[in-house]
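So the protein lines, in turn, are chains A and B.
Going by my numbering, the first sequence runs without a break in its numbering and finishes at 91.
Going by my numbering, the second sequence runs without a break in its numbering and finishes at 146.
Don't read these hints as lab results, they were simulated from the structure.
It is possible that part of the hints are untrue.
Distance condition first, Cα-Cα at most 20 Å in a straight line; then the derived EDC-like pairs of lysine to aspartate or glutamate [as the list claims (entries may be wrong)]:
no., chain 1, residue 1, chain 2, residue 2
1, A, Lys21, B, Asp78
2, B, Lys131, A, Glu46
3, A, Lys19, A, Asp39
4, B, Lys131, B, Asp56
5, B, Lys131, A, Glu10
6, B, Lys131, B, Glu74
7, B, Lys33, A, Glu46
8, B, Lys131, A, Glu50
9, A, Lys21, A, Glu10
10, A, Lys7, A, Glu35
11, A, Lys7, A, Glu26
12, A, Lys68, B, Asp66
13, A, Lys19, B, Asp78
14, A, Lys68, A, Asp39
15, B, Lys86, A, Glu50
16, B, Lys86, B, Glu74
17, A, Lys7, A, Asp28
18, B, Lys131, B, Glu42
19, B, Lys33, B, Asp56
20, A, Lys31, A, Glu46
21, A, Lys19, A, Glu35
22, A, Lys68, B, Asp78
23, A, Lys31, B, Asp66
24, A, Lys68, B, Glu43
25, A, Lys68, A, Asp49
26, A, Lys68, B, Glu40
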Amino acid sequence: MLVLSRKSGESVVIDGRIKVKIVRVEGDVVKIGIEAPADVPIHRQEVYDEIQQNNRQALQSGRPTPPKLNRKPASKPVSDRQPVATADLAA
Amino acid sequence: MSGVETTEIESVRVKNENVIHMPAGLLGFEDCKRFVLLTEPEEAPFSWFQAFGTSDIAFLVLPPFDAIPEYQPELSNDDVAYLGLKQPSDALIYNIVTLRPNQATINLKGPIVVNRFTLRGKQVILQNASKWSVRHPLPLAQPESL
C-alpha cells in the first residue's frame, strides 16, 4: 500500500485520471473528494464488501426451484411502483 | 456406430436485444459484463440473471415491489446519469435473492438497475443504503396445515 501524507486541500492523482482530494479534516473524520471517469465505480469499502460477499453467497449452482412467496394483494398496480431517484429528472 | 463423440451443449437461444450490458459487472464479478434474464412462467415472479455464455454464473432475482411494498430505492445522481434514466419509470429493478434452507433473503441494499430502453444496467449501491438490508427476509408461503 502506498502511504502518503496530505494536508487539507491537497490531492493525489491515480492512473492520470482519478483524483483524490482531502477536502476537510475534522477531528478524526476526513472528507475526501474523488474525481473519476463515470465508468469507474467508487464505493465505501464496508458496503462494497458486504454486497460482494452477499453476491458470492447468492451464486447458484444448478437452477433450484425458487420458493413460493406469500403473495399479498398489491394495493397499487405494480406498474405504478417506481424507484425514487434523487436527481432532478425533469427533462 | 462409428466412434463419433457428440458433446451435449446446453444452448440458450437469446436474441441480442435481450442481453443486458453491465459495464461494471456485478460486485465481486466485475468481469461478467453481459447477462440475460431468463424467466419460466412456473417460477414467476422470480427470474434468473445469468451471465451470457455460461450457465455457471446465475443469480435468482426478483422485482422487489410486490413482496416488499415499502421498498423505496434511491439512486444517486451519478447512477441516474450513468444509466441514462430520464424518469423513474425508465428503470427496471431486480434484487438478488439468496436461498438458504427454509429461508430466502433479498439484497435491498444493492439492486440491479437496468434502463429498459438501452438495456444498460448496473448493480448500484443505493443513496439510502443504510436504510436497507442485504439480507432482508422474503415472506414465504406457509405450508398448508393438514
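Right, here's what the structure says about each hint:
no., hint, in the structure
1, A:Lys21 x B:Asp78, "19 Å, holds"
2, B:Lys131 x A:Glu46, "15 Å, holds"
3, A:Lys19 x A:Asp39, "14 Å, holds"
4, B:Lys131 x B:Asp56, "32 Å, violated"
5, B:Lys131 x A:Glu10, "33 Å, violated"
6, B:Lys131 x B:Glu74, "10 Å, holds"
7, B:Lys33 x A:Glu46, "23 Å, violated"
8, B:Lys131 x A:Glu50, "14 Å, holds"
9, A:Lys21 x A:Glu10, "6 Å, holds"
10, A:Lys7 x A:Glu35, "18 Å, holds"
11, A:Lys7 x A:Glu26, "12 Å, holds"
12, A:Lys68 x B:Asp66, "13 Å, holds"
13, A:Lys19 x B:Asp78, "17 Å, holds"
14, A:Lys68 x A:Asp39, "38 Å, violated"
15, B:Lys86 x A:Glu50, "30 Å, violated"
16, B:Lys86 x B:Glu74, "14 Å, holds"
17, A:Lys7 x A:Asp28, "14 Å, holds"
18, B:Lys131 x B:Glu42, "32 Å, violated"
19, B:Lys33 x B:Asp56, "14 Å, holds"
20, A:Lys31 x A:Glu46, "17 Å, holds"
21, A:Lys19 x A:Glu35, "5 Å, holds"
22, A:Lys68 x B:Asp78, "36 Å, violated"
23, A:Lys31 x B:Asp66, "39 Å, violated"
24, A:Lys68 x B:Glu43, "8 Å, holds"
25, A:Lys68 x A:Asp49, "30 Å, violated"
26, A:Lys68 x B:Glu40, "14 Å, holds"
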